[in-house]
Amino acid sequence: MNEKFEYLLRQGDNALILAQQLCQWTGKGPALEEDMALSNIALDLLGQTRMWLTYAAEVEGRGRDEDKLAFLRDAGACRNCLLVEQPNGSYADTLMRQFYFDVWHYFLIEGLSNSRDERIAEIAAKSLKEVTYHLRRSSDLVVRLGDGTEESHARMQAAANELWRFTGEMFIYDAVDEAMVKQGVAPASQVLRAAFLQHVAEIFDEATLTVPPLETYMQRGGKQGRHSERLGYILAEMQFLQRAYPGVEW
Amino acid sequence: MQAGHATREQVMAWLDEVADPEIPVISVVDLGIVRDVAFDGDECVVTITPTYSGCPAMQVIAESVTAELNKHGIAKVRLATRLAPAWTTDWMSDAGKAALKRYGIAPPAQQAIDISGLSRRLAPEPDVACPHCGSMHTALVSQFGSTACKALYKCLDCREPFDYFKSH
Numbered sequence: 001m002n003e004k005f006e007y008l009l010r011q012g013d014n015a016l017i018l019a020q021q022l023c024q025w026t027g028k029g030p031a032l033e034e035d036m037a038l039s040n041i042a043l044d045l046l047g048q049t050r051m052w053l054t055y056a057a058e059v060e061g062r063g064r065d066e067d068k069l070a071f072l073r074d075a076g077a078c079r080n081c082l083l084v085e086q087p088n089g090s091y092a093d094t095l096m097r098q099f100y101f102d103v104w105h106y107f108l109i110e111g112l113s114n115s116r117d118e119r120i121a122e123i124a125a126k127s128l129k130e131v132t133y134h135l136r137r138s139s140d141l142v143v144r145l146g147d148g149t150e151e152s153h154a155r156m157q158a159a160a161n162e163l164w165r166f167t168g169e170m171f172i173y174d175a176v177d178e179a180m181v182k183q184g185v186a187p188a189s190q191v192l193r194a195a196f197l198q199h200v201a202e203i204f205d206e207a208t209l210t211v212p213p214l215e216t217y218m219q220r221g222g223k224q225g226r227h228s229e230r231l232g233y234i235l236a237e238m239q240f241l242q243r244a245y246p247g248v249e250w
Numbered sequence: 001m002q003a004g005h006a007t008r009e010q011v012m013a014w015l016d017e018v019a020d021p022e023i024p025v026i027s028v029v030d031l032g033i034v035r036d037v038a039f040d041g042d043e044c045v046v047t048i049t050p051t052y053s054g055c056p057a058m059q060v061i062a063e064s065v066t067a068e069l070n071k072h073g074i075a076k077v078r079l080a081t082r083l084a085p086a087w088t089t090d091w092m093s094d095a096g097k098a099a100l101k102r103y104g105i106a107p108p109a110q111q112a113i114d115i116s117g118l119s120r121r122l123a124p125e126p127d128v129a130c131p132h133c134g135s136m137h138t139a140l141v142s143q144f145g146s147t148a149c150k151a152l153y154k155c156l157d158c159r160e161p162f163d164y165f166k167s168h
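Heads up: the sequence lines are chains F and E, in that order.
Per the working numbering, numbering of the first sequence is gapless, rising by one per residue and ending at 250.
Per the working numbering, numbering of the second sequence is gapless, rising by one per residue and ending at 168.
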């Protein structure tokens, strides 16, 4: 197994699937500002996807490119974590998914900007400013809606509880992750998890939300290609054109 | 003209005529994304640093750069991308910032975005001047405006909304 290729696919797929999901809000956001924000965040993530998948294709060295990786892999070959394939649901669900993702993503990208792999460090340094914006925004909204009305508070707490079991997978390292840590490419799991938990606790405290129990069963498998049924539907929409008209170009 | 005879300064001057497709009052040189111009034989290599990862204008910029240099007799043009160091609004020229303001977009008000702190409250809020009336009495409406690089503000004095080109 080519560990670096696998690791790069994970980064690219996380950003790709979340971008695809966020695009579904375009034109349907609860407020114009939110509509624009989610579309712009999706755009940032899509740009990051291209850098990750382009590098992944080069590392693999089998003649595939970013497009082939994005549009011609089926669910079993996708390496995104389960969190990003969770349904958009209500705005509270989308926002909480984004918040959990942003917190983890920020600390990961920060760690990767010191990677011993120069190209990964460059991509991460490029992404870090964007990811910082994303996290500041989602943290701000979690506080405003968590410490908002009775209704918004209840919805945010429900979303926080529902999505919590998808926040462990990123910190459960397998052989691929461990190989990257050993090579100085990726940051260690414990460091990321501690930073994640601290930031979530700070924001939830301000938002009058309760952090779900730390020691609970965490869903896993996305990184290894074991996904929920839902990913198939996301891919069906995203990949339709390339599947129906192979090789089509603008 | 033989491409090999064009100087770097000449090429930069020509590139200064290439407008940003989203904000046509500022050139790609003013925007600070042209990192290098070099000749590889008779091929002109223009090295560009992307602004935001997903900025849809980058493709158009690449095409416009090629077209502009073709017009000046450089037949072979290659665009190279350089990621590091990452682009920052600190590289935007003073002329570019002044042009933005005249166009009604408030230019970046501070040095590159501070990425060291995550605390929402401690993140420094820039003092943004209204590009219409000059008042400093303005408020953020939305972190994201019509494009990823802009935020939406409103002036609390002249009451006009405006775009702010974020420090990045």
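Please keep in mind that the hints were generated in silico from the structure rather than gathered at the bench.
Keep in mind it's a predicted model, so treat the numbers as computed, not measured.
One should not assume that every hint holds.
[What the hints assert, rightly or not] Some chain F residues near chain E, calculated using beta-carbon distances under 7 Å:
#  : residue
1  : Pro-30
2  : Glu-33
3  : Met-36
4  : Asp-44
5  : Gln-48
6  : Lys-126
7  : Leu-128
8  : Thr-132
9  : Arg-137
10 : Gln-239
11 : Leu-241
Ideal Cβ positions, reconstructed from N, Cα and C, are used throughout, including at glycine.
Flag every earlier hint the structure violates by its number, smallest first.
1, 10, 11
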